[in-house]
Amino acid sequence: MNALELIDLHKRFGRTEIIRGANLAVKKGERVAIIGPNGAGKSTLFNLISGRFGPSSGQILLNGQPIQNKTPFEINRLGLARSFQVSNLFPKLSVFENLRCGVLWSLGYGYTFMRFLSGLKDANEKTEALLQELHLSHKRDVLAANLTYAEQRALEVGITIAGGAEVILLDEPTAGMSVTETSHFIDLIRSVTEGKTLLTVEHDMGVVFGLADKIAVLVYGEVLAFDTPDKVRANARVQEAYLGSVVADQQAQHATTHAGAH
Amino acid sequence: MPSSSLNRGRGLAVWLVFAALLFVLPLVLTSSLSLTLLSQVGYLIIVCLSYNMLLGQGGMLSFGQAVYTGLGSFMAVHAMNMAAQGGWPIPLVLIPLVGGLAGMGFAVLFGYVSTKKSGNTFAMITLGLGELVASMALMLPEFFGGEGGVSTNRVYGQPFFGFNFGPQIQVYYLIAVYCFICTALMYAFTQTPLGRLLNAVRDNAERVEFIGYNSQRIRYTAFIIAGFFAGVGGGLAAINFEIVTALDSISSVRSGGYLLFTFLGGAGSFFGPMIGAVLLVLSSVLLSGITKAWLLYLGLLFMLMVMYAPGGIAYLLQVNIKVMKLGRWWPLFPVYLFLALGSAIALLGFSILVEMIYHIQLDSALGPEMPFMGTVLNVDQAATWVGSVLILLIGIALLALGKRFFVKRWNLIQEQIQADGGMAA
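Residue numbers (the working numbering), protein chains in the order written: chain C, 38 to 299; chain Z, 269 to 693.
A few of these clues could be false.
Claimed, not checked - For lysine to any residue, the following SDA-like pairs were computed, each having C-alpha atoms within a straight-line distance of at most 20 Å: (1) C:129 / Z:455; (2) Z:385 / C:148; (3) Z:385 / C:110; (4) C:129 / Z:384; (5) Z:384 / C:183.
Quick caveat, the hints were computed from the structure, so don't treat them as lab data.
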């Protein structure tokens, strides 16, 4: 069965149509990278799937169940979680508290105020384990606002996976990181999303081809191609519409940084 | 872990000291004035803490907390009158709970509307609701008693273990018991899942929606709980004064007072609002007795606090205690002395000016002589005016100098602490 399916999805803002009939079927356990030029609608697509906006028309199925009219928290409870392109944390809470907030719902604690947090053994153990996985144990009691950029990105992903969702959406998780940071971070993402269905928006082609089982190419609000990395790379339409220009861009960037370094 | 049991031991000690203070204070400060003050502090601690559940913990800037304390007071006062007439046999010790349930009930009603939104919209709605209820009070004199309010007699029914709550000291202890229990319960709330999620909603309501929670429901639930404790505070006020007037207890001025003093005490820490409650009583009872211009001084203090120490008094204390624990506090002591001297001189000059203006405006019939701190000043002499302006300017200059000393030394200390391997305060 498909973990996530988009059927003829449309989204208009006023008279501008950002998503124009997107179709996509992601199987359980697949890692999918969504690529596309700026303004193609990648972030909008994530906002539609996660319930931040409602679509203008079309269907979104999570494990076969329509979710296009649900609120973000309802969708989250059905097992889909997302991260944000700009870190979206709880700045005045400690790293531990940030993660524990992410854990609570999935363990059934709801809105209770009849139990002490310190007595929630399962939640606290799960949070400590998450801290270790994310390599943030040494920052356990530091306020999220006081973390370094890379640590904030790790916490962003941590809050997203804390509730144990089976479908994970990561919006440009490595944006703004250095090359070394990025490669460490990709390893981290791979390990914490082991066995889960992963959708990620990514600009770094190295990351895309290294991480993804499949690549979806989004151009002007439509899925132009959806296939394995090799086949997408070989796809003439993709080359024409997008990849060629990106590769050229990245080569040009490389050339300038190298020139600058020498 | 040993550290957590140490923390637990220290936490227990704090609560024991608090209980002991509540018990011992009226035995030490035996004058009737101090008993009056202590009784008011007791229920205002509950009110300010309940308000901070919204402001400090939930990021909800409410301009209408007096609605819930005030309606709690009115329900309590009517319950007492009904009980005295043989209607409902509610003993006096349970009357604060009637206030609490009333506050909670109205929070269920009004909170449903106001907590739908956060931020500015929430603040506006609470302001509107506050005005609405205050004007309702004038339209329904049967319930609110018009301008005269509703009075009652707290001595009714059977004595409770020998207490009839006629003497103020007995009322104080009733308030103290409620104060302790409510404070403990509200602190406990901060340690529960909902309490923590309320902090999360304060920090970032949007993200809360993406981890499975309805942020609106979190705000609404917290609002109802805060309404309950506000109502308990209101019920205790009704018992304490034996009269409730709409003009005093439901007005937006009162709501503003809770906001102001919660902020002054420190909305960022749990205990800050308790300091605020003490200041509220000291200023409204003592300061207002000393000078007619007390609201002006208060406004100035509030302004300076917002500008220079937005964390309130609790924050200032916390930061200094932290530096003290790291053994770096003493170099600050002379700077503080200097700042205190500057403040005192500036305040002296400023208050002479203010008092002279008030004297001319309000008491000119009494002649140009004005008593001031044991001496007599003449408001007709130019020298008095020039002198007070000079004193004020000297004070301000000293403060400006002191501020530079402070910033320099403070930064140095932070560097030293970081060099020691600690976290800057």
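Against the structure, the hints:
1. C:129 / Z:455: Cα-Cα ~18 Å, so holds.
2. Z:385 / C:148: Holds, at roughly 19 Å.
3. Z:385 / C:110: holds, 17 Å
4. C:129 / Z:384: At roughly 23 Å apart (the allowed maximum being 20 Å), residue 384 of chain Z and residue 129 of chain C break the hint.
5. Z:384 / C:183: Not satisfied, since the Cα-Cα distance of roughly 31 Å exceeds 20 Å.
Checked against the numbered hints above, the structure breaks hints 4 and 5 and satisfies the rest.
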